[in-house]
Amino acid sequence: MSAKYGQIIKDGLWENNGVLCMLLGMCPTMAMTGTATNGFGMGLATAVVMAASNLMVAMFRNWVTHEVRIPVYILIVAANVTFVDLVMNAWMHELYKVLGLFIPLIVSNCLPLARLEAFAAKEPVLPSFLDGLFMGIGFTLALTAIGAVREIIGQGTLFADAALLLGPSFHFLESRVMPADWGILVLILPPGGFLIAGLMVVAKRLIDLASGKEIKMAGAHSV
Amino acid sequence: MSATIRPTWVHATILGTFCAGFGVMLAATDIATKEPIKDRALEDKMNSLAQVIPKTIHDNNPVIDAVTLKNEEGKDVVVYRAMKAGSVTGLAYEMDASGGYGGPIKLMLGITPDGKLLGVSVIAHKETPGLGDKIDPAKTDWISRFTGLSLGNPPVDKWKVKKDGGQFDQFSGATITPRAVVGGIRHGLEFFAANSSAMMEKK
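Taken in sequence, the protein lines are chains A and E.
Sequential numbering of the first sequence, starting at 1, is according to this note's numbering.
Sequential numbering of the second sequence, starting at 1, is according to this note's numbering.
Keep in mind the hints are simulated off the structure, nothing from the lab.
Be careful, since some hints might not be right.
To be verified - Pairs of lysine to aspartate or glutamate residues, derived as EDC-like cross-links and limited to a Cα-Cα distance of at most 16 Å, are as follows:
id	chain 1	residue 1	chain 2	residue 2
1	A	K97	E	D76
2	A	K213	A	E15
3	A	K4	A	E15
4	E	K116	E	D44
5	E	K45	A	E94
6	E	K38	A	D85
7	E	K126	E	D136
8	E	K106	E	D65
9	A	K97	E	D136
10	E	K160	E	E201
11	E	K45	E	D114
12	E	K75	E	E94
13	E	K70	E	E190
14	A	K97	E	D39
15	E	K75	E	D65
16	E	K70	E	D39
17	E	K84	E	D65
18	E	K38	A	E94
19	A	K204	A	E15
20	E	K158	E	D141
21	A	K97	E	D44
22	E	K139	A	E174
23	E	K75	E	D44
24	E	K34	A	D85
Said to hold, decoys possible - Covered stretches of chain A, as calculated for chain E (at least 3 residues, CB under 8 Å):
id	segment
25	66-74
26	86-99
27	181-190
As the list claims (entries may be wrong) - Calculated Cβ distances over 10 Å to all of chain E for the following chain A residues:
id	residue
28	L44
29	P127
30	L164
31	R205
Being a predicted model, the structure only gives us computed values, none of them experimental.
Virtual Cβ for every residue (Gly too), placed ideally from N, Cα, C.
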């Protein structure tokens with residue numbers, strides 16, 4: 001059993017990574033990776049919703065019929081997103097002011113839906129929860145990495161405004177890598193998202209090839 | 001994935017039950033969070049008022065001593081009035097700057113009785129993070145350049161971004177957002193010029 005959990009974690013973080021391998025969730029990946037901080041925030045919010053949605057779908061998996069499963073899954077994701085949105089606005093207002101922008105975008109992400117369909121609909125509650133959590137963390141890592149590259153080349157900083165998201169004690173993360181007038185604008189704009197995401201996918205495959213692994217294609221339906 | 005074909009009503013009942021269940025859950029969440037969210041919005045308003053009206057110039061609560069006026073489109077504008085010893089020392093009101101990249105940008109303007117800007121703050125916007133959101137005082141101090149200016153200083157035809165022949169810097173990569181903000185502030189000052197007597201007198 002523990003070997004299986006290990007595989008779930010490895011799949012989520014690297015081998016079947018939502019962005020770098022499955023190429024899912026491209027809408028938030030393009031929209032929110034202008035800076036490393038934004039990518040991190042988007043990833044974090046998505047990870048919470050994915051873990052909760054996977055958990056719920058696994059709980060209800062024996063009651064939902066095949067024919068209506070997609071609307072039920074979308075309902076569960078949308079309800080979770082709205083719930084998180086309202087609760088954060090009421091009781092975590094400082095965080096909401098920063099992250100609030102990202103939360104409704106999670107509904108437009110097809111990565112949660114893919115994991116519900118490919119994993120949580122067939123597996124017990126605990127593995128499903130772990131799958132959602134680690135797919136979400138893998139998503140966070142990929143978005144942060146893409147954001148970091150775009151930010152460094154595009155405007156010369158790294159983790160700008162991290163203190164706004166994580167609290168004043170994280171001021172040390174904010175750094176300027178390039179001179180103040182540095183900036184290759186195209187990387188901040190939408191084309192930069194496509195360019196860097198594409199290069200990251202290439203980089204991941206080269207690393208996998210170098211370590212003698214088979215390249216996984218279209219991994220959305222493998223468990 | 002069973003091989004038997006179930007009648008439609010089974011699927012309908014399942015889907016309906018889930019909709020009803022999550023509907024109830026969301027309604028409960030909405031009821032539980034309504035008051036706290038309202039409180040947070042009010043706190044935000046007080047905070048943004050404090051940014052455009054210095055505490056030293058008033059001894060009243062501007063949210064209580066507010067008047068409601070109509071702008072030229074007939075929409076209500078709430079004017080918060082800062083008073084010291086009974087006379088008005090500053091005014092603040094919200095202004096929607098239209099033409100932002102992600103919809104209207106909500107600004108709060110603070111103005112002295114003779115029409116000088118005490119300060120401008122951005123209350124809500126949906127501009128692109130990393131580009132247009134540089135208008136946000138938490139990110140850069142771009143917005144502070146308007147403090148002390150008025151409708152005659154600079155002249156009205158210079159109340160534009162540099163790209164349009166005015167005198168205000170846009171920031172690299174974003175012209176649309178600063179253009180909307182500059183336009184919104186000019187608009188707000190014109191609103192003051194048209195309504196200043198009503199803002200001062202009515203009690």
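Right, here's what the structure says about each hint:
Taking the CA atoms of K97/A and D76/E, the gap is near 26 Å; set against the 16 Å cutoff, the hint is violated. Taking the CA atoms of K213/A and E15/A, the gap is about 10 Å. The hint holds against a cut of 16 Å. Proposed proximity of K4/A and E15/A is supported: the alpha carbons are some 14 Å apart, at most 16 Å. Only pairs whose Cα atoms come within 16 Å are accepted, and K116/E paired with D44/E is rejected, the gap being roughly 24 Å.
Straight-line distance between C-alpha atoms of K45/E and E94/A comes to about 14 Å, which keeps the hinted pair within the 16 Å bound. The hinted pair formed by K38/E and D85/A meets the criterion: a straight-line CA distance of about 14 Å does not exceed 16 Å. This hinted pair checks out: K126/E and D136/E have alpha carbons roughly 11 Å apart, not beyond 16 Å. With a C-alpha separation of about 22 Å, the suggested pairing of K106/E with D65/E is violated against the 16 Å cut-off.
For the suggested pair K97/A and D136/E, the alpha carbons sit about 12 Å apart, so the restraint of at most 16 Å is met. Under the criterion of a C-alpha separation no larger than 16 Å, the hint pairing K160/E with E201/E is inconsistent with the structure, at around 32 Å. Straight-line distance between C-alpha atoms of K45/E and D114/E comes to about 24 Å, which puts the hinted pair past the 16 Å bound. Distance hint between K75/E and E94/E is fulfilled; the C-alpha atoms sit about 12 Å from each other, no more than 16 Å.
Distance hint between K70/E and E190/E is fulfilled; the C-alpha atoms sit about 13 Å from each other, no more than 16 Å. Pair hint K97/A plus D39/E holds up; C-alpha atoms about 14 Å apart against a cutoff of 16 Å. Using a Cα cut-off of 16 Å, the hinted pair K75/E and D65/E is violated, with the two alpha carbons roughly 20 Å apart. Distance restraint check for K70/E and D39/E: the Cα-Cα separation of roughly 26 Å exceeds the 16 Å cut-off, and the hinted pair is therefore not satisfied.
This hinted pair checks out: K84/E and D65/E have alpha carbons roughly 12 Å apart, not beyond 16 Å. For the hint linking K38/E to E94/A, the alpha-carbon distance of about 15 Å falls within 16 Å, and the restraint holds. Restraint check: the Cα-Cα separation between K204/A and E15/A comes to about 9 Å, which is no more than 16 Å; the hinted pair holds. Under the criterion of a C-alpha separation no larger than 16 Å, the hint pairing K158/E with D141/E is inconsistent with the structure, at around 21 Å.
About 10 Å separates the Cα atoms of K97/A and D44/E, which keeps this hinted pair within 16 Å; it holds. As the CA atoms of K139/E and E174/A are separated by approximately 12 Å, the hinted pair is consistent with the 16 Å bound. Taking the CA atoms of K75/E and D44/E, the gap is about 22 Å. The hint is violated against a cut of 16 Å. Note on K34/E and D85/A: the hinted pairing holds, with a Cα-Cα distance of about 12 Å set against a maximum of 16 Å.
Counting residues of the segment 66-74 of chain A whose CB falls under 8 Å from any CB of chain E gives 5; the rule of at least 3 is met. Under a criterion of three residues with beta carbons nearer than 8 Å to beta carbons of chain E, the stated coverage of the segment 86-99 of chain A is upheld, 6 such residues being counted. Interface restraint, the segment 181-190 of chain A with chain E: holds (4 residues with C-beta to C-beta distance below 8 Å; minimum three). Every C-beta of chain E lies more than 10 Å from that of L44/A, the closest at about 15 Å, which supports listing it as non-interface.
No beta-carbon of chain E comes within 10 Å of the beta-carbon of P127/A; the shortest separation is about 19 Å. The claim that L164/A is not at the interface with chain E is violated, since a C-beta of that chain comes within 10 Å of its own (minimum 6 Å). Taking the minimum C-beta to C-beta distance to chain E, about 28 Å, the non-interface status of R205/A holds against the 10 Å cut.
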